[in-house]
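Student: Chain by chain, the residues run as shown.
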Amino acid sequence: MTALIWSALYRIELVFMVSFILSASVYAGGAITAGRQQELRNLLIQDCGSCHGLKMKGGLGPALLPSALRNKPAEMIKATILDGRPGTAMPAWRNLISPTEAQWLASLLLQGETQ
Amino acid sequence: MNGLRYCFLALFLFQVTAHSRGTGDMGVLIERGSGSVQIIETSGNTSLGRVEGLGDLSHASVVYSRDERFAYVFGRDGGLTKVDILNAEITARTLQSGNSIGGAISQDGRLVAVSNYKPGGVKVFNADTLELVADVPASFNGGDLRSKVIGLVDAPDQKFVFALWDAGEIWVLDMADWAQPKIEKYRNIGRNPYDALITPDGRYYIAGLFGEDGMALLDLWNPSAGVKRILPDYGKGEQKLPVYKMPHLEGWAVAGDLAFVPAVGHHEVLVINMRTWQEAGRIKVHGQPIFVMARPDGRQVWVNFALPDNDTIQIIDTQSLSIVKQLKPGKGVLHMEFEPRGEEVWLSVRDEDRVEVYDTQTFKRKAFMPATKPSGIFFTARAHRIGL
Numbered sequence: 001m002t003a004l005i006w007s008a009l010y011r012i013e014l015v016f017m018v019s020f021i022l023s024a025s026v027y028a029g030g031a032i033t034a035g036r037q038q039e040l041r042n043l044l045i046q047d048c049g050s051c052h053g054l055k056m057k058g059g060l061g062p063a064l065l066p067s068a069l070r071n072k073p074a075e076m077i078k079a080t081i082l083d084g085r086p087g088t089a090m091p092a093w094r095n096l097i098s099p100t101e102a103q104w105l106a107s108l109l110l111q112g113e114t115q
Numbered sequence: 116m117n118g119l120r121y122c123f124l125a126l127f128l129f130q131v132t133a134h135s136r137g138t139g140d141m142g143v144l145i146e147r148g149s150g151s152v153q154i155i156e157t158s159g160n161t162s163l164g165r166v167e168g169l170g171d172l173s174h175a176s177v178v179y180s181r182d183e184r185f186a187y188v189f190g191r192d193g194g195l196t197k198v199d200i201l202n203a204e205i206t207a208r209t210l211q212s213g214n215s216i217g218g219a220i221s222q223d224g225r226l227v228a229v230s231n232y233k234p235g236g237v238k239v240f241n242a243d244t245l246e247l248v249a250d251v252p253a254s255f256n257g258g259d260l261r262s263k264v265i266g267l268v269d270a271p272d273q274k275f276v277f278a279l280w281d282a283g284e285i286w287v288l289d290m291a292d293w294a295q296p297k298i299e300k301y302r303n304i305g306r307n308p309y310d311a312l313i314t315p316d317g318r319y320y321i322a323g324l325f326g327e328d329g330m331a332l333l334d335l336w337n338p339s340a341g342v343k344r345i346l347p348d349y350g351k352g353e354q355k356l357p358v359y360k361m362p363h364l365e366g367w368a369v370a371g372d373l374a375f376v377p378a379v380g381h382h383e384v385l386v387i388n389m390r391t392w393q394e395a396g397r398i399k400v401h402g403q404p405i406f407v408m409a410r411p412d413g414r415q416v417w418v419n420f421a422l423p424d425n426d427t428i429q430i431i432d433t434q435s436l437s438i439v440k441q442l443k444p445g446k447g448v449l450h451m452e453f454e455p456r457g458e459e460v461w462l463s464v465r466d467e468d469r470v471e472v473y474d475t476q477t478f479k480r481k482a483f484m485p486a487t488k489p490s491g492i493f494f495t496a497r498a499h500r501i502g503l
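Protein chains in written order, with the numbering used here: chain A, 1 to 115; chain B, 116 to 503.
Any given hint could turn out to be false.
Straight-line distance between alpha carbons at most 27 Å, and here's what the computed BS3-like set of lysine-lysine pairs gives [as the list claims (entries may be wrong)]: (1) B:K446 with A:K57; (2) B:K300 with B:K343; (3) A:K57 with B:K343; (4) B:K233 with A:K72; (5) A:K55 with B:K446; (6) B:K360 with A:K55; (7) B:K360 with B:K297; (8) A:K72 with A:K55; (9) B:K233 with A:K57; (10) A:K72 with B:K360; (11) B:K297 with A:K55.
Rather than coming from a laboratory, the hints here were simulated on the basis of the structure.
Build out the structure end to end from the sequences listed, making use of the hints.
Tutor: Below you can see the structure in the form of structure tokens.
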């Protein structure tokens, strides 16, 4: 039984590692066209900004400055963007933002590239 | 000597021309991209100038002094700025909190109140000088926590009314005596009130709820009756859509006995019978409504929408409760403001960096002008309306 759990955990870890390596390669936003990147930047500042502040200093939602996100893994930020936080005002953006795009937005936030 | 005289004459003439106009056809347009406002006029539909240096203006709003000369601009970064719209200059400014959401001016015009997210509460200022008069922390849970404040409006008898997002409360702040503000608190009004409004007669305060269905209603003429839940059933059992933007409740859209409000998380405008406070209908619309605004005569209601439908406006005929017109002004239609008698309406089209003016009878575009990421548009006629 424990062996089973261990192997399951191992597998989960593997998946994480693979996804991490994969995601590292899209951080640069290579898979997203320049036009779409422009749209996403605008969305981040204007539409995320309507809850998080144009300068990401917070509003109805918390601040999303690099200092505020310091201890949060990119995976978690990406998941929050895609699926929202049920029971709070943070909506799921999956219908409008792809996983690759969410990953790229997470990296923009972590690097403070939101001005 | 003659030179000096001419100088004085010129100065005198300049002063006269600078001030020889009323402000009743003027307004302010927020440019959230550049932290500036444009001063506009609606007789010729032109821009008269720009005032810069107002800080972070996402979600900014404006109230007017009773002489319609000064605009108080409430910025997201806690900035409160008093702008002289005749001279296009800032006459006072204070950074009063870290993070604010809106404001109101008292019935007598002598106090300006600001609602803050962080630290959560309301601050009240002398409208002349912007000196602090009262500080009301939105404490709850026995004083441990502070709530974000939303839906701040003025009410008759020197009152301000607002709601606490985190606490689910409505507070009435009585400022009749500056030295001794009195607070009346209404608890358990429902989860996460997101915005609120007061009816044009100043009697009913209604807060929309994000955390559950329905709205919370307080009758300020009979406050001892407490807060009543209205429309408790709308949306029951239906899947709520993700809400990409909180709807706004402003300028209570009223036609006869009917009021029109946005349904949160649904592609619907709700119709309320104001005599019974029962639901009187639901109108299917193009997306999730943000602003539901009535033309001043109540004949039409104009609706804009959240992402991904924020390029569209729909117009509802309030007699037939049907949609009579759909417009596509461009991406990011954020706000609409009717001219005081309603013959024209101004729209801000954020992503196109443009504001547009439409004839409300023919629905034809009559004018447009460039603006940097425009959002709210506010005309001076608000100075004389309760709750605006």
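Student: Hints first: check each against the structure and report whether it holds.
Tutor: Tested hints:
A C-alpha spacing of about 25 Å is found between K446 of chain B and K57 of chain A, which places the hinted pair at or below 27 Å, so the restraint holds. Between K300 of chain B and K343 of chain B the alpha-carbon distance is near 14 Å, which keeps this suggested pair within the 27 Å criterion. Proximity of K57 of chain A to K343 of chain B is assessed by CA-CA distance (about 35 Å); at most 27 Å being required, the pair is judged violated. With a C-alpha separation of about 22 Å, the suggested pairing of K233 of chain B with K72 of chain A holds against the 27 Å cut-off.
Note on K55 of chain A and K446 of chain B: the hinted pairing holds, with a Cα-Cα distance of about 21 Å set against a maximum of 27 Å. Between K360 of chain B and K55 of chain A the CA atoms are separated by roughly 17 Å; this keeps the pair inside 27 Å, and the hint holds. Restraint check for K360 of chain B and K297 of chain B: not satisfied, since their Cα atoms lie roughly 34 Å apart, outside the 27 Å limit. Taking the CA atoms of K72 of chain A and K55 of chain A, the gap is about 19 Å. The hint holds against a cut of 27 Å.
Taking the CA atoms of K233 of chain B and K57 of chain A, the gap is about 11 Å. The hint holds against a cut of 27 Å. Between K72 of chain A and K360 of chain B the alpha-carbon distance is near 25 Å, which keeps this suggested pair within the 27 Å criterion. Between K297 of chain B and K55 of chain A the CA atoms are separated by roughly 36 Å; this puts the pair beyond 27 Å, and the hint is violated.
Hint check: violations occur at hints 3, 7 and 11; the rest are consistent with the structure.
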